[in-house]
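Undergrad: Read off the chains here:
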Amino acid sequence: MKRYPSALAAIAAAATLAIAGCSSSASDAADPSGPVTLTVSAWNLDKTPEFNALFDAFEAAHPNVTIQPVEILADDYPEKVATMLAGGDTTDVLTMKNVIDYARYANRGQLLDLTDLVGELPTDKIAGLEPFDIDGKYAAVPYRQDFWVLYYNKALFDAAGLPHPDRLTWAQYSELAKKLTSGTTADGQKVYGTYHHTWRSVVQAIAAAQTGGDQLSGDYGFFADQYALALDLQNAGAALDFGTAKTQQVNYRSMFETGQTAMMPMGTWYIAGIKAAIEGGTSSVEWGMAPMPQINPGGETATFGSPTAFAVNENAKNVEVAKEFIGFATGEEGAKVLAGIGVVPAYGSDAVTAAFTALPADELSRTTFTENKKVALEMPVSEVTSDIDTILEEEHELIMAGQKSIADGIRDAGDRVKNEVL
Amino acid sequence: MTVSTAPALRKRRPPEPAAPTRRRSLRPTLVGWSFILPNFLGFALLTLVPMVFGLALSFMDWSPWGDPEWVGFENFERMIRNSTFWIALWNTTYYAAGHIPLTMAISLGLALLLNRTLAGLGFFRTAFFLPYVTSLVAVAVVWNMLFNPTSGPVNQFLQLLGVSDPPGWTSSTAWAMPAVIVASVWRDMGYYMVLFLAGLQTIPNELYEAARVDGANAWQRFWNITLPGLRPTTFFVLVMCTVASFKVFDLIVVMTDGGPGRATKVLSQMIYEEGIREGRFGLASAISLVLFVLVAGFTVIQFLIQRRREA
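Chain order of the listed sequences is A and B. Per numbering that gives the first Met the number 0, residue 0 is the first one in the first sequence, and the count goes up by one each step. Per numbering that gives the first Met the number 0, residue 0 is the first one in the second sequence, and the count goes up by one each step.
Don't read these hints as lab results, they were simulated from the structure. Incorrect hints may appear among the rest.
[Claimed, not checked] Looking from chain B toward chain A, a few residues come up when the C-beta cut is under 7 Å (computed):
1. P148
2. Q158
3. G258
4. P259
Treat the numbers as computed from the prediction; the structure is a model and nothing was measured. Positions of the beta carbon are idealized from the N, C-alpha and C atoms, including for glycine.
Modelling step: build the complete structure from the supplied sequences, incorporating the hints.
TA: Here's what the structure looks like:
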């Protein structure tokens, strides 16, 4: 999971809770108004201001509750939480950084069943709930649902006299990227038409989401077109080549924020990142976002994403308060707090969209955000996900670095998955 | 020594009752033990016990959240079926085969160059030692920049020399390992150079003077005086360098992370990934056992050859 952007990690959690008193109905606890300290596992708090916002809002509504985050380094988060749980840790609320880890904890019986709580929530408005369904039961509720869009630099499009990238096909996208590759930035860096970050999802998860292919199947022919497109852009010089991006550990944020690329497919967690960069004065990029380019024009937008959720520890000390917090964070109130700082909440409503002030004011960006779309899970969850992920990552590197042909890479990935994993 | 000589002395004396003798000879033994005990305790607790435990683990199925279960040779079967294991085994050997001779040759060469009176000697010795004390991450990042296939100085220099299609270095499966070896030799040579320098100081100057008087040229002096005189140092360096090469982990993780694909994945990295990341302690222990046997085997062979030479 190291591939996942640290910003995503930001999700976390914090939590809190307690409440006992917050709603008039919560009066049956032993001492509903007594002070409660709710512990919540979270990561890299200093880079995730949105969570402090969430905690502050909850504490303000529940004066007797103090939220104490259990902060963990983002890169070590899954291992650390697994170790904590194995040791009988009593942290109340556990943030599920991704669905794969969630499935591991839940299958080991380390999370409290939240099916009842989910039954009380407006589930029709909460996106990304489905992957948390294990045989009809839920042990976590998503509060955040990121999905992938196409970011673009308005100034570069306008300078080239090209229309903004509204609902492109991949062929149109490729053509645009080549046209937009010209000149240099103020710092003398080459300006590329687009930037594909080194994660395999940029090619593979998009292909899976739009063709209906299964990344766990061992049959990867459905990757071929997307690889052909990515390699063609790279060979034409319209996208930074993979070898350089990988060996120099290029930061996708600086590629976009310093105007070195006119377009960039990326997840919505980056909205908060751009907002912070602009407010902090480190970037003056005029940005917008458009739906991901599609294979077939005209249909419903298909993209991929991943939800982030809160769960309650099986050994939690403050179960009621923990549930109260989760209800708050995953509902409209929590969603407005998240939207206010540029984080995409799982809960969607007009009021939440109105609170999403980080979004550029143009129509295209707003519809990209609000339109109905099909968001596939970035990687399906199963016992073998992690092993397959490793294999796909390795073969992705070889194809993108030109060390293997597309056909050979796809064949080898399939052979390895079938022989060593399935 | 006290312990071993005491019985010999006693033989010449009239026989004494057994019990008091034992008591008397126990004392120096206990004193001896008390000196090594603190060190041995640390070694036993932090190294020996985990090693033995690791050996047992390689026959068990165990993750951080379950009870260990005896599975016999299942981990080894799984390891043998895993193509990554064979690639990592080959890569580890490849790295060692490149790193050990190059490091030894270059560090010995540097030591010979710097073992003379020369203006700025201290500066050069420090300069060559500096890479060894530099942060490994910094070393890896800088070498990655130097090896950048398109705009890196290494390839620009090669192009200047007329190489029209320079290697892709760390982005190429064929050249990634050589690139890592170059960086690691550069980093380690200073350390071994210091060891060789210390060895050179122990060779008496009279030998060289006598050889010169007899008309031996520089090459003959090196071959017949320096190399034999350095033998204990060379052996020590060889053993240390071999052990370090087979255990390589950090530089590879930072520089290539085993890539591209699996082109630079080594055994210790695989142990980390299977054990810590995937939580398969049994499989990771089985691979560790292979690595241990490999390192121990090479070291024992080196000791045997050295002993035969000395005999």
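Undergrad: Run the structure past the numbered hints and jot down the numbers of the failing ones, going up.
TA: As far as the earlier hints go, only 2 is violated by this structure.
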